[in-house]
Every structure is written in structure tokens, then in C-alpha cells.
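Asks: The hints should help you fit chain B onto chain A, whose structure is shown.
From first to last, the protein sequence lines stand for chains A and B. Numbering that gives the first Met the number 0 puts the first residue of the first sequence at 0, with every later residue one more than the last. Numbering that gives the first Met the number 0 puts the first residue of the second sequence at 0, with every later residue one more than the last.
If you are wondering where the hints come from, they were derived from the structure by calculation, not from laboratory data. Note that the structure is a prediction, hence the values are computed from the model and not measured. You may find that some hints are simply not true.
Simulated restraints, written as ranges between beta carbons of each label pair [claimed, not checked]:
hint: 1; chain 1: B; residue 1: 156; chain 2: A; residue 2: 95; range: 53 to 59 angstroms
hint: 2; chain 1: B; residue 1: 193; chain 2: A; residue 2: 168; range: 52 to 58 angstroms
hint: 3; chain 1: B; residue 1: 117; chain 2: A; residue 2: 169; range: 31 to 37 angstroms
hint: 4; chain 1: B; residue 1: 84; chain 2: A; residue 2: 145; range: 47 to 53 angstroms
hint: 5; chain 1: A; residue 1: 56; chain 2: B; residue 2: 17; range: 26 to 32 angstroms
hint: 6; chain 1: A; residue 1: 92; chain 2: B; residue 2: 102; range: 22 to 28 angstroms
hint: 7; chain 1: A; residue 1: 40; chain 2: B; residue 2: 101; range: 44 to 50 angstroms
Beyond 10 angstroms from chain A on every Cβ pair, some chain B residues (computed) [what the hints assert, rightly or not]:
hint: 8; residue: 41
hint: 9; residue: 142
hint: 10; residue: 215
Simulated coverage check for chain B against chain A, where a stretch passes if three residues somewhere in it have a Cβ under 8 angstroms from a Cβ of chain A [stated by the list, open to error]:
hint: 11; stretch: 76-85
hint: 12; stretch: 90-98
hint: 13; stretch: 155-163
The beta-carbon is built from N, C-alpha and C at its ideal position, and this holds for glycine as well.
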Amino acid sequence: MIWGWLIIAATFPGVIVHEAAHVIACRLLGVTVYEVRFLQIDRNLGYVLHAPAPNLFSTLLIATGPLVINSLICLALAMPASIPRDIFGATGWGTGLILWLAVSCGVHAFPSRADIAAIWEHASSAGRFRRIRQILIWPLATTLSGLNLLTILWFDIIFGIVVAAFGPRWILKGIAHLIA
Amino acid sequence: MSDAATVPCLSCDTDIPPPTGAAEVPLCEACRQKLQRQSLPPWLWILSAAVVLAAATLLPANYHYLSAYVRYQAAEIAQNDGRLHDAHAWAESAVSLVPGDMTLEIRERMLRSQIATRDRRYADAAEAIAPLVDSAGDLPELREHLLQLRLLASLIDDPDRETLERAHRFLDAHEHQALLRQELLTAHVRRWRATGNTWDARKLLPLARKVARETSDPEFARLIGEVLSEVETALESPGRPTEASP
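Bound conformation, chain A alone:
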């Protein structure tokens, strides 16, 4: 339990980015945001209260926004810092700071239980094609739930570190394949 809080304290910028990603997704989809708490000392580290999404696709985008946005920001921040530090040993507080922010974003990329519940709730809501919606959404919801469960084994931390450490390498190797 203490380790969990320590990790959250060490990676709190990722929580802020996670909630901001929800807000950005809402804004892009025209969904009204009522209240935002970017960071709090509670079981829910932050929250975004918003109007119901107009359709299932919007709900999906809002719920999985952090997975995409946090991961992209993690990758973008790690790009100028990870390889110089890990491979060439370029130390410096700037590099370390940026890398810390990158890993923090990656650690908090996964949708929360509330995010996944919102997807399933919308898929199960009354209306036309309810069963079809549930059948189509079930694989995604199950996968996201599985990912969320794996956070017990610190999979979210592993994800953040892997994206920050190896994401830039994979991208640059791809560039090398194009030019070699």
C-alpha cells in the first residue's frame, strides 16, 4: 500500500496529464465538462465530471483518451532524453527531468476502472442494438479490464518504462531501415 502511494507521489504529473487527456477528448467531441480535479489525495487520484457522451464511440474516445495521449506524450518527451542517457550515458538534470516526466505520463496511461465502467455502462444502456453494442464492446472492455488488473503486478509502471526506454529506439530503428 505504501509502495503504491510512493509510486503515485513519484509519478503525479502523469495523473494530471491523464485527467487533462479526458478533458481534451471531451472538448474535441463537444461534451460539456462540469468539473475537473486534476490531482487529489484520495483513492481516485483525479476525476472529470462530464455530460453523457452522445454515442458509444464518443464514450470510447473519452475513456481511452489517456491511453493514447499519455502514451504519445511519454514517447515525445522520451525521444530527446532516453537514448542519450541510456545508450550514450549523457547525464544532466534536464535529461533526467524530462525522462521522469515521460515515465510518469506512461505510468498513468491506462484507463481507470471508472473509465472502463463508463464504456460498459454505455454499451449496456437501453436502446436500439443493445445486444450488438455489448457484443462489439466486450473484447475491448475485457482487454482494458485485464490491463487494469495487471496494474496490481505493476504492469502500468513497466508500460511507462518500456514506452519511454524502447519507444524512441524502435522509432529510430524504423528510420534506420528506411535510410540504410
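Replies: Frame of chain A, contents of chain B only:
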């Protein structure tokens, strides 16, 4: 007096019709639009700008590392494709970007050595990897490789008997060195054809048989066969030359 069919807006308390959806929050249209237009808090914009600025400053400062990494990977890809000159060009450019990095330098020197070896410039090949042996510490395989290259270099230009015997001793201890075996055979054939020395003839026979078994080049195998036949015939003939001094 409030209308039973209306509810107060959560933001401004204006009476509005009740919301249609169960999860919908009662807001008047003006407040709803105000909330939709509401921007992210200023402190978040400022922090984001600071992070973007820090990352943007870091990128040009560290760009040469990223470029060197791309070139290093390009060298590996070209090497795997057998394009050694391209691979060396990439490795060389990587070293120029981050001089002093051992990983980059090792790859560049090994590629330079590989190219020189392929061109039979064994002295250049040895010179390319000699500093690695000195600086890399205890690497027996690298030392063995350097020793082989130095022996190969000594076999190219009319080696004397002592050099040849040194090469034989090395080969006895390192039987997997196929290139050394081939060059040693070539040296013995050259010497035997020039001098008719039976010592060279007797030394080259087992070498030739082994090289013939090892090679996958049919033309080379045919040439070795001719040499074997030539030497065996010469050794069996009654007027064969005696063993001359080296």
C-alpha cells in the same frame, strides 16, 4: 413561487425544464455553453509550456546522439545485408558525431577490419582492431583474431620458414581458422612452385586436402585438386628435388 415542472440550474439557479437524460446535470443553455467554452486552467498551460520548452531545448542539444544512434543502426542493417562499405560509411559518420563512444568505435573498427580482410590487406585489418585489444581488456577471442591477422599479413609477402612454422603452430592450436589455412596453403604453393622445396610440398598436402573439404567454391576446389595432383606427382617422381634450406 417555483414551477413544479422546472428545476434550478446548478450554476446560476435559473429555473429550467428538467433534463431529459437520467445522468444529465441540470444546466441552463447559457451556463452549458459557458462550461463548453471554458479553457483549461492557466497553471496547466504554463506548466505544459515549460515542459514543451524544456523538451524543445533538449532536442537540439541531444540531436547528435539520436543521429548517431540512427547511423549505428543503419550500419548494422547494411552489415547484415552484406554491404560492408555502406555499413562502414554509416559507422564512421556515427563515430564523428559522438567521438569517444566505445560502442560506436568498436563497430567502426571491426567493419574497417572486415573490409580490409576481404581485400587481403591484413596489415590494415590488424591495425584497425589493435587499439580495441589494448583498451577492451581481457577478450581472448579478439586477441586471437588480432594474432591471426598479423600472421596473415606476414604470409602475404614471401614468408620465410620460421614465419610459416609459426603459422602452423597457431593453426594447430586454432583449427577453426579457415582463412589462415587458405593463406598458408597459398604461401606454401607459391614457395614450392618457385623453389621446388619438398618441405613446402609435404606441408601443403594436408592443408590442401583440408581446404578442399572446407570450400564451397567449386572452382577453388578444382584448383586445389590440380595443385594436389601436381604435388603428389612431383613427390612420387624419381627425380624429385631434395629438401632445400629455407
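Asks: Are all C-beta atoms of chain A more than 10 angstroms from that of residue 41 of chain B?
Replies: holds (13 angstroms)
Asks: For the stretch 155-163 of chain B, do at least 3 residues have a Cβ located nearer than 8 angstroms to some Cβ of chain A?
Replies: violated (count 0)
Asks: The stretch 90-98 of chain B covered by chain A? Criterion: 3 or more residues, Cβ-Cβ distance below 8 angstroms.
Replies: violated (count 1)
Asks: Evaluate the given range 31 to 37 angstroms for the C-beta pair formed by residue 117 of chain B and residue 169 of chain A.
Replies: holds (32 angstroms)
Asks: Are residue 156 of chain B and residue 95 of chain A spaced within 53 to 59 angstroms by their CB atoms?
Replies: holds (56 angstroms)
Asks: Was residue 142 of chain B rightly flagged as not at the interface, with every chain A Cβ beyond 10 angstroms?
Replies: holds (27 angstroms)
Asks: For residue 40 of chain A and residue 101 of chain B, compare the CB-CB distance with the range 44 to 50 angstroms and indicate the outcome.
Replies: For residue 101 of chain B against residue 40 of chain A, whose Cβ atoms are near 47 angstroms apart, the range 44 to 50 angstroms holds.
Asks: Range first: 52 to 58 angstroms. Now tell me if the beta carbons of residue 193 of chain B and residue 168 of chain A are that far apart.
Replies: Roughly 56 angstroms apart at Cβ, these two residues keep to the hinted range, so it holds.
Asks: Within 26 to 32 angstroms or not, the Cβ separation of residue 56 of chain A and residue 17 of chain B?
Replies: holds (27 angstroms)
Asks: Does residue 215 of chain B really sit off the interface, with its C-beta more than 10 angstroms from all C-beta atoms of chain A?
Replies: Consistent with the label, residue 215 of chain B stays out of reach of chain A, its closest Cβ about 28 angstroms off (over 10 angstroms).
Asks: Against chain A, does the stretch 76-85 of chain B show at least 3 residues with beta-carbon separation below 8 angstroms?
Replies: Coverage by chain A holds for the stretch 76-85 of chain B (4 residues, Cβ < 8 angstroms).
Asks: Please test the hint of 22 to 28 angstroms on the beta carbon pair from residue 92 of chain A and residue 102 of chain B.
Replies: holds (24 angstroms)
The structure is inconsistent with the numbered hints 12, 13, although it conforms to all the rest.
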